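Given the coordinates of chain A, work out where chain B should sit on it, guided by the hints.
There are 2 protein chains.
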Amino acid sequence: MRYCVIMCGGVGSRFWPFSRTDKPKQFLDFFGSGRSLLQLTVDRILPITDMSHIFLVTNSAYYDLVRQQLPDIPERNILLEPARRNTAPCICWAAHHILALDPDASIVTLPSDHLVLRETEFHNVIRKGFEFVEAGDRLLTIGLKPTSPHTGYGYIQLGQNVNDDILKVKSFTEKPDLEMAKVFLSTGEFFWNSGMFIWRADSILKAFDRFAPETATLFNAPPGIYGSDRERDFIDAEFPNAPSISIDYAIMEKADNVFVETADLGWSDLGSWNALYDVSPKNPDRNVTQNCNVLSHNCSGSIFASAPDKIIVVSGLEDYIVADSGNALLIYPLKDEQKIRNVVNEVSTRFGEKYI
Amino acid sequence: MRYCVIMCGGVGSRFWPFSRTDKPKQFLDFFGSGRSLLQLTVDRILPITDMSHIFLVTNSAYYDLVRQQLPDIPERNILLEPARRNTAPCICWAAHHILALDPDASIVTLPSDHLVLRETEFHNVIRKGFEFVEAGDRLLTIGLKPTSPHTGYGYIQLGQNVNDDILKVKSFTEKPDLEMAKVFLSTGEFFWNSGMFIWRADSILKAFDRFAPETATLFNAPPGIYGSDRERDFIDAEFPNAPSISIDYAIMEKADNVFVETADLGWSDLGSWNALYDVSPKNPDRNVTQNCNVLSHNCSGSIFASAPDKIIVVSGLEDYIVADSGNALLIYPLKDEQKIRNVVNEVSTRFGEKYI
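Residue numbers (our numbering), protein chains in the order written: chain A, 37 to 392; chain B, 37 to 392.
If we strip away everything but chain A, and leave its shape as in the complex, we get (with noise of 0.2 Å):
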């Protein structure tokens, strides 16, 4: 059978003072559509597995939250990570969870709190995808047409055909800098990471042993502990001991059976507040207002965010965030974004955790 794990316990900073540390961006209504990044991502994949087959791995703190917006998926679907060990943990206990569950299962992984405008894409990509990894011993990760010499993601590049979508992986690069980043678009042979995976089960976990044997060994529990009532003890004892490593790092780099499937799925990862502008619809101004009234004179390429009933009179910002959030408002120009993060360790020094 087919199963979902979306990972949904990263703890960001970069969309503070919207995102917080006890509410994360995987769990912001970012469109005001009503529905969090989260509940979007469920959404999104509910065509593909019933919610009984999706499996939610996140932190331990942000239980309630995803009880609150999923009350839908079973109880027993939601796994609690102890501690926060980056991907490749996450996925290999969640691999070890099914596969305890059905010996012929197989995995897409998903983020949680990435964009993907086009569903209809998506599914025929995702169901692609299944058929590949059900066909064979193959780990497959979803490559995205660049639209832009991004600096700030990973580039998967292509090998051979196996058919018209999904390649050989020849090999991975992670966030390039600008000139190397625009050769890379220029030659047309490399793909933007998007942190989606689909694999079968017994697949992803022999690739631990083999790669990552340190995590693998960590995870290889006595017989019938996974999906029974001792799981829960033997991962609070052993998940901490686990490596802080990501997939791509611990398996996708090394392995040789790594396969990508090329989409094109009006995809963004929201990683930063330039990212939501770039996706998000202007005013002839050039500017985006997220979710808000906004009364502006002489702005523009600005974004502008705050509580659904609050208003913005704002006059002469160029380039600008301004986000309203609770106990926290910034004014900073989008340039500088990437500087957020520093701003927001000096709060939190300065200030006290309460605004972070």
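Hints listed in this document are in silico derivations from the structure and should not be mistaken for laboratory results.
In this text the structure is predicted, and so the values were computed from the model without any measurement.
Don't be surprised by glycine CBs; every beta carbon is placed ideally from N, CA and C.
Do not take every clue at face value.
Listed next, with one range per pair, are the computed distances between beta-carbon atoms [claimed, not checked]:
| hint | chain 1 | residue 1 | chain 2 | residue 2 | range |
| --- | --- | --- | --- | --- | --- |
| 1 | A | PRO320 | B | SER222 | 42 to 52 Å |
| 2 | B | THR183 | A | LEU214 | 29 to 39 Å |
| 3 | A | LYS181 | B | HIS333 | 34 to 44 Å |
| 4 | A | ARG386 | B | GLY70 | 17 to 27 Å |
| 5 | B | ASP108 | A | GLU354 | 49 to 59 Å |
| 6 | B | GLU389 | A | GLY224 | 30 to 40 Å |
| 7 | A | PRO320 | B | THR57 | 28 to 38 Å |
Just chain B now, with coordinates in the frame of chain A:
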């Protein structure tokens, strides 16, 4: 006996979004001192007149706010205007009311929303003023030594000396242009009109009879009305018929027994964000932080205001107002602050009265 009348019925939009229609400037704790401007005004006059001799004239809409902020003011000392009619009707009514209680009353009339930094000097000035008006039929206004060619204030031209500080008034000039204001300053003959007045109750009423007969007639109640249970009904019926006119225009500019007491009180009418900026302590970047936490980079000459428990993180603003209060956020160049009134009207029209 000596009485104080504090006028606290005004509504202003210049400190929007801090001042709101339902909570104008005089009710705000402007300096984070824990006391509103109105409370500070009462605190300031208490060494001169005790609580039972302080009368508050305000609009009916603000009764609850006044009660809440000044629980020690006797209920009978709150005079509720049934309509907004500028200062002359307000002052005429208060004089009648107090004269009925005390035929020998002298009154200092004060705005409720100004700043006075030199309190001891204020007390000296008011005491000396009382002595002056109690010795004869004289109308006295407090004139403040100007510190800049401000174009938003009224100016009083000094005439002949009565004593060191008190002089005959030669003329009044409302809001001169900048060139004129500079001339005024250079002559040393012109002082700012503070809106603080001292007179005997019978003196000001005599002046009303002579120079503002329309208003005077309206408030000339049959004997026994003022101070009785029937006063409220009388006022509710007559007050709305009064012309809306300032005391300066109705009386001070016309009467010939008008004197000015010159003073240097560390005064500001706090009539604008610029005025507030001018009187507030500044950090090395010339920024003013109003009662909130601010983390600023590359900002100068700006004023930042929010709730005490909120943080503002801001970068790259020069000479800006950032004012965040309740359901509204204002980000506006200080130099354009005279446009705020229009902006507030536009907010009201386009987004609704709940924002103003």
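Hint by hint, here is what the structure shows:
1. Separation of PRO320 of chain A from SER222 of chain B is about 49 Å and conforms to the stated range, judged on CB atoms against 42 to 52 Å.
2. At about 54 Å, the CB distance of THR183 of chain B to LEU214 of chain A disagrees with the hint of 29 to 39 Å.
3. LYS181 of chain A and HIS333 of chain B have their C-beta atoms about 37 Å apart, which keeps the hinted 34 to 44 Å range intact.
4. For ARG386 of chain A paired with GLY70 of chain B, a C-beta distance near 24 Å keeps the hint of 17 to 27 Å intact.
5. Our hint of 49 to 59 Å for ASP108 of chain B and GLU354 of chain A holds, since their Cβ atoms are close to 52 Å apart.
6. The supplied range of 30 to 40 Å is broken by GLU389 of chain B and GLY224 of chain A, whose beta-carbon atoms lie about 57 Å from each other.
7. Between PRO320 of chain A and THR57 of chain B the beta carbon distance is about 32 Å. The supplied range of 28 to 38 Å therefore holds.
Consistency with the previously given hints fails for numbers 2, 6, ordered from lowest to highest.
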